[in-house]
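Asks: Residue numbers (my numbering): -4 to 250.
The set of hints was computed from the structure by calculation and includes no laboratory data. Careful, some of the hints might be misleading.
[To be verified] In silico EDC-like pairs for lysine to aspartate or glutamate, Cα to Cα no more than 16 Å straight-line:
| no. | residue 1 | residue 2 |
| --- | --- | --- |
| 1 | LYS111 | ASP160 |
| 2 | LYS111 | GLU191 |
| 3 | LYS55 | GLU35 |
| 4 | LYS205 | GLU191 |
| 5 | LYS205 | GLU166 |
| 6 | LYS111 | ASP81 |
| 7 | LYS55 | GLU33 |
| 8 | LYS111 | ASP159 |
Computed from a predicted structure; not experimentally measured.
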Amino acid sequence: MRIASFNVNGIGARLPRLLDWLAATGPDIVGLQEIKTETERFPYDAVREAGYHALVHGQKGFNGVAILSREPAEEVARALPGDDADTQSRWIEARVAGLHFACLYLPNGNPQPGPKFDYKLAWMQRLNTRAAHLLAGEGPVVLAGDYNVCPLDADLARPEAMRDDALVQPESRAAFRALAAQGWTDAIRARHPHAEIYSYWDYQAGAWPKNWGLRIDHLMLSPAAVDRMTDAGVDRSVRGEERASDHVPAWVDLG
DNA sequence: ATGGTCGGGAACCGA
C-alpha cells in the first residue's frame, strides 16, 4: 500500500490537481498540509466521490492538515501535546489500515533568529516527545508531513544561498537528527541514499525551471514500518502542472 | 537589478 504526504498550499486552489493526482496514483493514505481553510469548509463531497474518507483539522486562512484514506480512519489526536496555548492547526493523528499515522505541518521558523524560530524549535521538541511515545507502542508508525527542515546540504540545490534560512539552521537539523536517532527512518533518503531529490520549489525567481529545490517533505518510519518498505519517492512531475502547489507529493510503499 | 510569486480573502500576512 502507498502512503503519501502532500503540502497542497490551499485546498481551494488545488482541489483539481489533488483529484487528478489521487486518480492517477491511488494512494491508500494521504497526509495533506496547508489546506488553509476551516474544518467545515473542506471539500468533503469531492474527496468522498474520489473514494476517500477525510479527517480534517483546519484553520481559517493558514496552516491546516488532513488525513485522506481509502479505509475509515480512527482519530487519535488533533493537537500535538505540550502547549495548550498553541492554536495553530499543524497536527492530526489516526489509526488507519493497521498503521498509526500522523500528519504534521512543522513551523517554517523564518525569520531567524526571532519568535517564529523559537516556536519552531519548541514545536520540534514537542514532536520528538510525542514521537518517542509512539515509538514505544506496538505496530508500524508513520510520521508524514512538511517538516520544513533540509536534513543535509545534499537536500537543497543552493545551500550557500540559504545559509541564514530557518530550514537549514544547525538547531533545526539537530532536532531532526534527534528524531531520527530515536529509531525513525527517513524513507526517501533510505531508499535513495545518494540521489538528488527535492520536494519543494519556490514560486519566486524561476526556482522550478532552474531546479532550485529543497527536500523538506519527509516520511519517518518506525522499525516495524521500515521492515515493510518496498519503495519510496516523490512525484516530481506534479510541480510542472498548471496551478501547481510549490510542493510535490512524497510517498512510501509498504508491502 | 536587494526584485521576483503564489493563496487566502479582501489589506496584507505567510511562505
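Asks: Go through the numbered hints given earlier and state which of them the structure violates, listing their numbers in rising order.
Replies: Hints 2, 5 not satisfied by this model.
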